[in-house]
Amino acid sequence: MRSRSATRSSRARSSSALRRSSASISKCYDRRLRMRSDAIAYGIAGVLFGLIAGWIIGSQQAGGRPLPAAAPQQPTAAGSTQGTTRAAVLDETQVNALKSVADREASNPKPRVELANLYFDAERYDEAVKWYTDALKLNPNDANVSTDLGVCYYYTNQPDKALEQFDKSLKLDPKHAKTLLNVGIVKAFGKQDLQGATEAWQQVLEIAPDTPEAQAAKRALDSLQSAHPGAAGTQKPGS
Numbered sequence: 715m716r717s718r719s720a721t722r723s724s725r726a727r728s729s730s731a732l733r734r735s736s737a738s739i740s741k742c743y744d745r746r747l748r749m750r751s752d753a754i755a756y757g758i759a760g761v762l763f764g765l766i767a768g769w770i771i772g773s774q775q776a777g778g779r780p781l782p783a784a785a786p787q788q789p790t791a792a793g794s795t796q797g798t799t800r801a802a803v804l805d806e807t808q809v810n811a812l813k814s815v816a817d818r819e820a821s822n823p824k825p826r827v828e829l830a831n832l833y834f835d836a837e838r839y840d841e842a843v844k845w846y847t848d849a850l851k852l853n854p855n856d857a858n859v860s861t862d863l864g865v866c867y868y869y870t871n872q873p874d875k876a877l878e879q880f881d882k883s884l885k886l887d888p889k890h891a892k893t894l895l896n897v898g899i900v901k902a903f904g905k906q907d908l909q910g911a912t913e914a915w916q917q918v919l920e921i922a923p924d925t926p927e928a929q930a931a932k933r934a935l936d937s938l939q940s941a942h943p944g945a946a947g948t949q950k951p952g953s
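If you're matching positions, the sequence shown starts at 715 in our numbering and goes up one per residue.
Do not take every clue at face value.
Estimated spans, in silico, between C-beta atoms of each pair [stated by the list, open to error]:
no., residue 1, residue 2, range
1, Lys875, Leu804, 20 to 28 Å
2, Lys889, Lys813, 32 to 40 Å
3, Glu806, Asp848, 17 to 25 Å
Straight line, CA to CA, 25 Å or less: simulated DSS-like cross-link-like pairs of lysine-lysine [claimed, not checked]:
no., residue 1, residue 2
4, Lys882, Lys905
5, Lys889, Lys905
6, Lys885, Lys932
7, Lys875, Lys889
8, Lys851, Lys875
9, Lys905, Lys885
10, Lys875, Lys844
11, Lys882, Lys824
12, Lys885, Lys875
13, Lys885, Lys844
14, Lys875, Lys824
15, Lys844, Lys813
16, Lys851, Lys824
17, Lys844, Lys882
Simulated from the structure, these hints should not be mistaken for lab results. Just so we're clear, the structure is a prediction, and the values are computed from it rather than from any experiment. Even for Gly, the Cβ is constructed at its ideal location relative to N, Cα and C.
The whole structure should be built from the sequences, with the hints applied where relevant.
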């Protein structure tokens, strides 16, 4: 399913701690960085979630504070708030202050990104979509914000739109590891495309070895291969 975003230099919510054990993935990454299942995917999900509960998929790593987020495996629950980690409480005072700044500074994407991040943390993804979209209109070349928007689409049961948005992120930065990590998650659990997920995670290993994203991708590939050997092909993850 973070890489959060834009004006926060390298954080495309392509990294949020995967949570909700058997029911969801958690997105971790500081805020200042998703899964329908058929019979095969359900079998894989139990193993996968168990091994990568601390995975990062969002893109909000700027300061290091982990943020809660959900990536449920139920067919229609991509935006579910169930889980072991609570959504952040929305600070209305900060929201109003940022909206005032956004109104005054029509060409500044930063307050819009900050608003989107606040709504994301509160798991109010529809509102986060609005503000990420507005920010991208002002700064369309920010791959981090683009990926965070894609993660929001996933959380709102729109895996196809999520993948389309990730494609846009990869056009901006073909080696954006956090985006590829999220592509694998959405393909595996949102589209039941295990082969596509495998390819995305293997790309992470190739382009960003020795990174947290590569470690997460390898764990996912190992879990996938253990649960369903044929799904990951014949290549040994990490080879």
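Hint check: Lys875 vs Lys824, CA-CA at most 25 Å. Holds or violated? With Cα atoms ~24 Å apart, Lys875 and Lys824 stay inside 25 Å; holds.
Does the structure keep Lys851 and Lys824 at a Cα separation of 25 Å or less? holds, 12 Å
Please check whether Glu806 and Asp848 have a Cβ separation lying inside 17 to 25 Å. holds, 19 Å
Do the alpha carbons of Lys875 and Lys844 lie within 25 Å of each other, as the hint requires? holds, 14 Å
Run the distance test for Lys885 versus Lys844: straight-line Cα separation, threshold 25 Å. holds, 22 Å
Per the hint of 20 to 28 Å, is the separation of the Cβ atoms of Lys875 and Leu804 within bounds? holds, 24 Å
Has the given pair, Lys851 with Lys875, been kept, meaning a C-alpha gap of at most 25 Å? Between Lys851 and Lys875 the Cα gap is close to 17 Å, so the pair holds against 25 Å.
For the pair supplied as a hint, Lys882 and Lys905, is the alpha-carbon distance within the 25 Å limit? Given pair Lys882, Lys905 holds - Cα atoms ~18 Å apart, limit 25 Å.
CA of Lys875 to CA of Lys889, is that 25 Å or under? Since the Cα atoms of Lys875 and Lys889 sit roughly 20 Å apart, the hinted pair holds (cutoff 25 Å).
Given the hinted pair Lys905 and Lys885, is their Cα-Cα distance within 25 Å? holds, 21 Å
Given the hinted pair Lys882 and Lys824, is their alpha-carbon gap at most 25 Å? Distance ~20 Å between Lys882 and Lys824 Cα, so the pair holds.
Hey, Lys885 versus Lys932, does the alpha-carbon distance stay inside 25 Å? holds, 24 Å
Of the numbered hints stated above, none is contradicted by the structure.
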